[in-house]
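There are 2 protein chains.
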Amino acid sequence: MSSVRRFILQHSRILAKQRPFAQGTALSVFVFNFTGKPVARIVMKFGGTSVADIDRIRNVAAHVKREVEAGNEVAVVVSAMAGKTNELVSWTREIAPMHDAREYDVVVSSGEQVTSGLLAMALQTEGVDARSWQGWQIPLKTDNAHGAARIMDIDAELLISRISGGQVAVIAGFQGIGPDNRVATLGRGGSDTSAVAIAAAIKADRCDIYTDVDGVYTTDPRIEPRARRMDRISFEEMLEMASLGAKVLQVRSVEMAMVHGVRTFVRSSFDDPASINSQSGTDELAGTLICDEDEIVEQEVVTGIAYTKDEAQISLRRVPDRPGISAAIFGPLADNHINVDMIVQSVSEDGSKTDMTFTVSEGDVNKAKQVLEEARSGINYEIIQSDTGLAKISVIGIGMRSHAGVASTAFAALAEKNINIRAITTSEIKFSILIDSDYTELAVRTLHSVYGLNQ
Amino acid sequence: MSSVRRFILQHSRILAKQRPFAQGTALSVFVFNFTGKPVARIVMKFGGTSVADIDRIRNVAAHVKREVEAGNEVAVVVSAMAGKTNELVSWTREIAPMHDAREYDVVVSSGEQVTSGLLAMALQTEGVDARSWQGWQIPLKTDNAHGAARIMDIDAELLISRISGGQVAVIAGFQGIGPDNRVATLGRGGSDTSAVAIAAAIKADRCDIYTDVDGVYTTDPRIEPRARRMDRISFEEMLEMASLGAKVLQVRSVEMAMVHGVRTFVRSSFDDPASINSQSGTDELAGTLICDEDEIVEQEVVTGIAYTKDEAQISLRRVPDRPGISAAIFGPLADNHINVDMIVQSVSEDGSKTDMTFTVSEGDVNKAKQVLEEARSGINYEIIQSDTGLAKISVIGIGMRSHAGVASTAFAALAEKNINIRAITTSEIKFSILIDSDYTELAVRTLHSVYGLNQ
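Chains as they are written, first to last, in the numbering used here: chain V, 73 to 527; chain W, 73 to 527.
Possibly wrong hints are sitting among the right ones.
No more than 27 Å apart at the CA atoms, straight line, and that leaves these computed lysine-lysine pairs for BS3-like [what the hints assert, rightly or not]:
#	chain 1	residue 1	chain 2	residue 2
1	W	441	W	381
2	V	441	V	425
3	V	156	W	381
4	V	156	V	213
5	V	319	V	156
6	V	213	W	381
If you're looking for bench data, these hints aren't it; they were derived computationally from the structure.
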């Protein structure tokens with residue numbers, strides 16, 4: 073299990089303890105409406121490109137209306153109109169490079185506020201009862217870490233009473249209220265996290281994340297046109313996909329969905345709302361459902377291939393092999409906010425010395441080397457080397473837990489293409505391979521094919 | 073006394089009863105700071121053009137810093153950056169011409185929110201302790217009239233404790249929180265009203281309104297270059313100047329300043345903050361102090377000449393002279409939100425019929441005529457006539473109360489210039505003359521000179 077993975081799981085456990093709001097899998101509320109279908113309670117989340125201008129906000133309103141007309145209870149979480157957050161952030165930087173995070177939050181949270189009001193208006197114009205909610209009105213309570221706050225508690229009572237009364241709640245994403253009674257933002261990508269947390273708090277049957285892609289693919293379709301959209305993927309697999317570069321959902325929101333068992337559906341907001349028949353249920357909709365592995369009947373051994381470019385490798389040669397050596401190396405790096413991945417330790421010839429090799433992102437490599445130079449006397453390595461221009465290819469599948477020999481198939485396939493493997497790490501449900509980044513596309517396509525993922 | 077004037081006074085009395093917060097003249101708090109000067113508590117208000125971009129916000133921060141360094145306790149009230157409110161309003165119109173005022177308030181109030189955060193940052197960068205306050209955080213409580221809410225109560229305790237502790241309060245103007253726990257805006261120009269209300273609530277010694285002019289002039293300097301900036305003007309006179317087109321301050325904020333006795337100082341935000349010596353006291357600063365008439369030692373008979381163009385006159389000929397006829401005419405106009413001014417009733421030849429003549433703004437004339445056509449059977453007039461292209465010139469001065477013959481000087485001077493007077497109305501501290509609007513500039517200059525107002 074990689075250190076990243078371990079970190080996330082530890083983190084999730086802490087979350088599970090701290091969060092006072094609804095735990096475990098979401099409850100299905102089997103209330104029946106006039107259409108004879110069971111009423112579902114859903115959260116719909118729309119990102120910045122989906123609400124970029126007035127026309128797109130109208131399109132979002134049509135999506136919401138469709139769900140309301142299908143008899144569902146709906147809460148909507150919105151981001152700022154595309155470009156607005158960047159504008160606001162640039163003003164804060166211009167006025168004060170080292171600014172008060174509480175004031176940053178006041179400025180930047182206004183973007184979502186505007187969208188929430190506009191969408192509520194658009195819904196009302198369509199005859200849909202709706203009102204906007206700011207984080208402080210719900211209240212969605214956070215800790216005091218302004219600019220990157222964590223959600224502590226959502227007092228969902230008022231929200232639930234309005235939603236179950238048939239009023240659509242249009243919630244400004246990305247924001248809450250801190251213990252200081254001031255607006256706190258959740259950091260970039262926080263709207264996904266807002267949506268999942270709201271879904272957990274109101275015990276929603278599903279959280280629909282509308283985005284500019286129509287689901288999660290077996291790999292990047294720009295590299296492999298035969299990539300398939302997955303109908304379903306488990307939380308654990310999605311966490312690996314997200315943290316390894318699939319870029320569909322923020323890692324943090326997937327973590328939270330997993331901890332609270334929020335069934336999360338990734339779908340496109342650019343589909344014509346009129347062409348979607350919501351009453352037919354999730355399975356027939358275009359998109360990917362991220363859910364508990366129990367919900368996935370036919371489990372594939374390999375689910376997807378992810379990759380990250382811009383990796384760099386640092387090697388410390390002939391380090392004394394003594395207790396505490398890992399802490400001496402990785403402690404200073406962590407203190408400097410440098411994320412370390414793919415750690416390989418090999419024993420050198422005489423057994424008293426070891427070589428430590430690990431990856432960092434290419435952007436961090438100079439800083440990492442500087443930190444290690446400064447810590448040289450404490451570590452006592454002989455040589456420091458670094459390589460850039462590397463890529464990490466990851467093969468993910470929950471079925472690996474019960475299938476042996478999955479990785480060896482990859483090694484053979486890559487060898488056949490003369491792709492050199494520089495490092496390997498494995499965890500329960502994935503393995504990652506470090507290669508020269510020039511071979512990224514070839515490796516992704518090769519593995520996509522060899523594991524039978526092509527359409 | 074004109075009906076407009078009467079309305080304002082009645083209104084002010086209602087305000088005085090309803091408003092639970094600090095009444096009467098502001099208290100001067102004679103605390104002394106380390107400079108040996110008495111500490112003043114001041115409110116500084118900056119409009120949209122004063123905070124139009126990052127550089128101007130920095131200039132505002134310099135103004136605030138100057139007051140802080142002079143040992144004053146400071147609250148700042150800010151508008152949205154120039155153009156922002158219009159952008160937000162246009163979005164609300166585009167998305168829903170008939171929109172929910174509560175959602176309008178959510179969208180539009182974000183403009184002031186952004187400025188408050190940016191200015192707090194700019195102050196902190198200058199080493200000044202500051203924090204932003206939204207209406208809901210103070211709280212500044214309003215009624216439920218979203219989009220044009222009235223301030224009901226300001227719970228100033230927290231604000232006072234922070235300000236007197238040396239922290240600058242940067243308050244988003246134009247907004248408060250309604251009894252429904254939702255953001256309510258005060259309507260256009262509401263930031264002036266916010267500032268005066270905050271000043272009353274925190275018992276400020278002075279409310280400084282920084283604007284794009286450097287004070288209140290004896291008349292419009294674009295018409296009469298010899299117009300003088302007044303050092304002081306009474307609340308009552310300013311109310312007449314503001315309601316008659318001086319455009320420096322919203323009528324509503326002057327009303328509130330009068331009711332609560334808030335000394336209000338109009339000054340330019342474009343002055344170089346470094347060149348102003350704040351410790352020398354208000355009298356030596358460039359600007360106009362609006363204050364109680366008791367503070368004005370040498371009272372002029374005539375203080376200023378105001379004007380409004382785009383006036384129209386409507387005459388109803390041969391109306392039966394019976395009780396209730398005024399209500400029959402002006403009731404339907406009021407119901408249609410048409411403001412009526414300068415009403416003249418003249419008796420026709422045989423005494424049983426009367427002619428009713430009054431002015432409305434040129435933009436309302438067609439609607440007014442339509443309303444009166446519809447009400448014809450109830451009023452029973454014989455002919456309806458209208459004239460457009462008129463102007464109202466007003467001569468204002470609190471000294472008129474104790475001086476006779478002030479108006480006749482004007483009549484003689486205008487007659488000498490062959491300017492025909494079409495109607496006259498008088499009140500205790502002003503009189504107004506209706507003329508052909510082509511003669512506006514000539515009449516303003518003539519009266520400005522004849523009353524000795526030229527520099």
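Outcome of the hint check:
For the suggested pair residue 441 of chain W and residue 381 of chain W, the alpha carbons sit about 20 Å apart, so the restraint of at most 27 Å is met. Proposed proximity of residue 441 of chain V and residue 425 of chain V is supported: the alpha carbons are some 20 Å apart, at most 27 Å. Simply put, residue 156 of chain V and residue 381 of chain W have alpha-carbon atoms about 41 Å apart, too far for the 27 Å limit, and the pair is violated. Between residue 156 of chain V and residue 213 of chain V the CA atoms are separated by roughly 24 Å; this keeps the pair inside 27 Å, and the hint holds.
Distance hint between residue 319 of chain V and residue 156 of chain V is fulfilled; the C-alpha atoms sit about 21 Å from each other, no more than 27 Å. Among the hinted pairs, residue 213 of chain V with residue 381 of chain W is inconsistent with the structure: their alpha-carbon atoms are about 54 Å apart, more than 27 Å.
In this structure, the hints that do not hold are numbers 3 and 6, in rising order.
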